[in-house]
Amino acid sequence: MQTHFSPQQLTDPRVAEAEKILRKCVHCGFCTATCPTYVTLGNELDSPRGRIYLIKDMLENGRAADKEVVTHIDRCLSCLACTTTCPSGVDYMHLIDHARVHVEETYQRPPMDRLTRLLLAAILPYPKRFRAALKLANLARPLAGLLDRSPKLKPFAAMLRLAPEKAHEPTPFTRPCTHVTLDAPRGRVVMLTGCAQPVLDPGINTAAIRLLTRFGIEVSLPEGEGCCGALTHHMGKEEAALASARRNVDVWAAEIDSGDLDAILITTSGCGTVIKDYGHMLRNDPAYAEKAARVSAHAKDVTEYLATLDLPEGQPLGLTVAYHSACSLQHGQKVTVQPKALLRKAGFSVRDPAEGHLCCGSAGTYNMLQSEISEKLKTRKVKNIEATKADLVAAGNIGCITQIGSGTALPVIHTVELLDWAYGGDTPEKLEKLLAARTKVKG
Amino acid sequence: MSGAIEFLEPRADVIERRKTIIEDLADFLPPDALIHEPRRLVPFETDGFISYRRLPLAVVLPRNTAEVAAVMKYCHRYGVPVVPRGAGTSLSGGAIPQEDAVVLCLSAMSRILDLDYANRTATVEAGVTNLAISDAAGPEGYFYAPDPSSQLACTIGGNIGMNSGGAHCLKYGVTTNNLLGVRMVLVDGTVIDVGGKALDAPGLDLLGLICGSEGQLGIVTEATVRLIAKPEGARPVLFGFDTSEEAGACVADIIGSGIVPVAIEFMDKPAIDICEAFAQAGYPLDVAALLIVEVEGSEDDMDAMLKSIVEIARRHGVKVVRECQSAMEAAAIWKGRKSAFGATGRVADYICMDGTVPLSQLPYVLKRTAEIIDSYGLRVANVFHAGDGNMHPLILYNANDPQDAAKAEAAGMDILRLCVDAGGCLTGEHGVGIEKRDLMRHQYTEVDLRQQMAVRAAFDAQWLLNPSKVFPLEGRDA
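Read top to bottom, the protein sequences are chains A and B. In terms of numbering that gives the first Met the number 0, the first sequence has 296 at position 297, counting the first letter as 1, and numbering is strictly consecutive. In terms of numbering that gives the first Met the number 0, the second sequence has 361 at position 362, counting the first letter as 1, and numbering is strictly consecutive.
These are computed hints drawn from the structure, not numbers from a lab. Given the structure is predicted, the values throughout are model-derived calculations rather than measurements. Just so you know, even glycine gets a beta-carbon here, dropped at the ideal spot from N, CA and C. It is possible that part of the hints are untrue.
To be verified - Derived CB-CB ranges, DEER-like:
id, chain 1, residue 1, chain 2, residue 2, range
1, A, Thr307, B, Leu284, 48 to 58 Å
2, B, Glu139, A, Gly355, 15 to 25 Å
3, B, Arg110, A, Arg185, 52 to 62 Å
Let's have the full structure, built from the sequences with the hints guiding it.
If you want it as structure tokens, here you go:
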């Protein structure tokens with residue numbers, strides 16, 4: 000569509016990029032149909048096309064962000080369903096990323112909102128702090144109802160409700176080291192330990208490492224890596240996000256340089272989408288652009304890599320899995336077939352819930368910052384999942400697992416934990432109950 | 000764009016009372032159903048016909064018929080124009096507002112109210128998307144037949160306003176042939192029900208009048224439509240030709256011989272390249288024109304019909320005949336075709352024409368279209384519903400170059416005149432909107448137009464409903 004930027008404005012490479020993205024949009028409106036917030040609220044301002052237009056207007060006029068525009072940008076889940084739908088190839092992800100940075104740079108949020116965001120950014124990416132916060136949250140949980148009464152305190156109520164009862168301590172599978180194979184390895188990978196996931200559910204990476212080493216892949220957890228930066232990136236806190244990215248790029252580029260590295264594996268697809276974008280995020284940094292691009296090229300979701308290993312055909316397990324395709328996997332990374340193919344091959348029977356393209360409402364910190372919309376999406380998602388009559392749910396992202404798990408009695412388990420179990424690994428805790436109940440019925 | 004198409008002068012008294020109007024609307028609408036801050040109005044300034052833009056006075060998002068009626072009653076009382084909007088996908092500017100108008104947006108009314116399989120009907124709110132009806136009825140083996148390419152996003156209310164068609168209308172007819180009843184709010188807020196669940200209702204065929212009236216007779220808030228049982232099987236087949244004219248002549252011959260497939264879609268080389276890049280559907284890239292012919296029914300029925308079609312195609316020197324091998328392939332073929340307009344955005348800005356011509360004229364019109372486009376030094380991609388002669392030349396241009404934009408608009412007008420002169424009409428399914436409004440005198444005599452305007456005035460004497468559309472601005476009161 001037509002744009003109105005001055006040559007002066009276009010000298011800023013970020014504005015130039017936004018302009019290029021906007022020029023691709025033909026305003027056809029297809030994106031509205033698959034946008035979870037538009038489907039929920041029915042307001043074009045809460046659709047990709049509406050947001051694109053708001054952003055265009057703001058950038059063209061060189062205006063600071065204001066409350067009206069921020070409201071609608073904040074409601075975007077960054078699920079990227081719109082980019083799967085868009086026939087014109089509009090790079091919405093980088094446009095909304097840019098808009099978020101613009102908001103952060105030019106808009107003063109109300110004090111409580113600022114505080115909430117500061118706390119999230121200061122706690123979640125740091126396992127020690129996150130662990131301590133979860134312990135506090137468990138004590139404060141009874142206050143959730145009270146906090147709900149004030150719109151400003153709602154995010155804290157949502158946090159208390161989402162906080163798991165148990166914060167996990169570090170394990171040998173979350174500490175830097177190399178997990179070797181029994182025989183000579185047939186491949187070597189690095190795996191992101193991550194920040195929140197090992198605290199919430201260290202079993203995921205443990206299962207992934209067991210499974211990989213069992214099939215001859217050496218797994219390194221290098222010293223020095225940390226949070227991928229997704230959390231601050233999605234809040235528009237660009238410097239913090241880039242600092243995370245640079246730290247990880249340094250560590251992983253060294254791993255790549257040491258030779259024979261197949262891939263950098265990620266078991267949380269929300270992180271994977273951002274790590275695959277490091278090359279773009281650091282494109283204007285001469286010291287990092289090339290290294291970051293190499294890191295992004297090596298980044299793979301764990302299922303993407305497992306699919307290349309030709310795992311053996313398993314016996315039918317008599318379990319039906321509803322596969323929840325995390326937005327970051329299906330829309331962000333376009334990984335759609337591998338997880339289901341792996342589950343089927345391992346012996347599960349797999350079902351696709353209706354409206355699989357719609358987000359579950361987790362979306363990083365969205366379920367805390369936009370709890371009302373998030374709750375509606377969760378209810379819709381759970382209804383669709385339960386309609387499949389599956390025995391359990393598989394998903395490839397800790398955020399979705401926590402979100403959906405808080406809305407259903409069905410066990411929600413990471414794909415890689417199910418695969419590890421099917422190929423002889425330990426039984427995931429959440430699966431134990433289901434299996435015990437089954438034995439009881441049969442017995 | 001050049002801005003050759005004019006809008007009505009905003010009513011000064013309405014503009015003056017803007018603040019009061021907004022306060023009054025806020026009195027009876029919930030806060031999130033009223034948008035009036037200038038910045039939040041900007042995204043509503045246009046629709047799919049993006050070269051024209053006008054900021055509205057306010058946008059309302061009613062949640063039910065009663066709220067729509069309240070808005071209409073108020074706007075009628077105070078002489079405020081109203082522009083209805085569904086998903087805002089109109090390609091003729093049907094939902095573009097104006098400075099003195101309230102945009103009545105039905106996107107929040109998106110509930111499916113009733114699926115009646117015994118009577119094969121669905122009753123839905125106007126903001127339900129076209130595809131949502133088929134999705135809802137799909138598990139029971141039914142679908143809603145008209146399938147405009149934007150069916151994923153466009154609403155049934157908009158489909159009724161424009162009498163939308165689609166690829167499969169060759170067999171199943173357009174919206175008017177599939178619409179059984181509506182609930183409509185008249186300009187003064189009165190709510191009427193027209194039609195019902197039966198195929199025809201006694202009295203005047205008001206439903207036929209309402210369908211295609213472009214939001215000028217009232218606001219449809221609910222609709223009852225026909226559901227159709229899914230066919231036993233369906234198979235799209237690709238036919239590649241060396242020239243567009245040969246493909247066009249082949250279409251005329253297929254229909255002329257009495258064969259009616261479900262769909263015959265046409266794409267020329269530029270359109271094939273664009274769609275293949277997006278959908279990887281396996282369209283042949285070494286041909287100048289492609290027909291997608293879909294047949295349906297039992298395997299035997301499909302084989303028999305295809306055999307006759309292949310024979311006709313051979314007579315026209317068909318170069319490639321490719322049957323699709325799987326449901327996934329069929330889905331990709333249709334995905335590519337239905338995303339053609341949007342996918343064109345990957346290569347250039349475009350305006351999408353929508354003229355209909357007699358099938359016998361297809362080869363001539365295609366040839367002339369190419370000549371017209373050439374004479375302006377522009378490029379064109381043709382992708383359209385060939386079976387019913389509904390052409391959609393996509394004129395490619397650069398929206399950031401005003402001269403290029405003016406040329407594209409002028410070329411478009413020439414092409415539409417060509418369609419009329421060839422014995423066809425200005426619009427197949429996108430409606431007149433503002434885009435073709437000033438060509439209405441090319442299509443109709445003054446007497447014809449006056450009669451249409453008299454009918455319109457019987458519903459809305461003050462011309463409050465979507466006032467800048469359909470009828471030329473001058474000579475309305477004469």
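Taking each numbered hint in turn, which are not upheld by the structure, reported in ascending numerical order? 1
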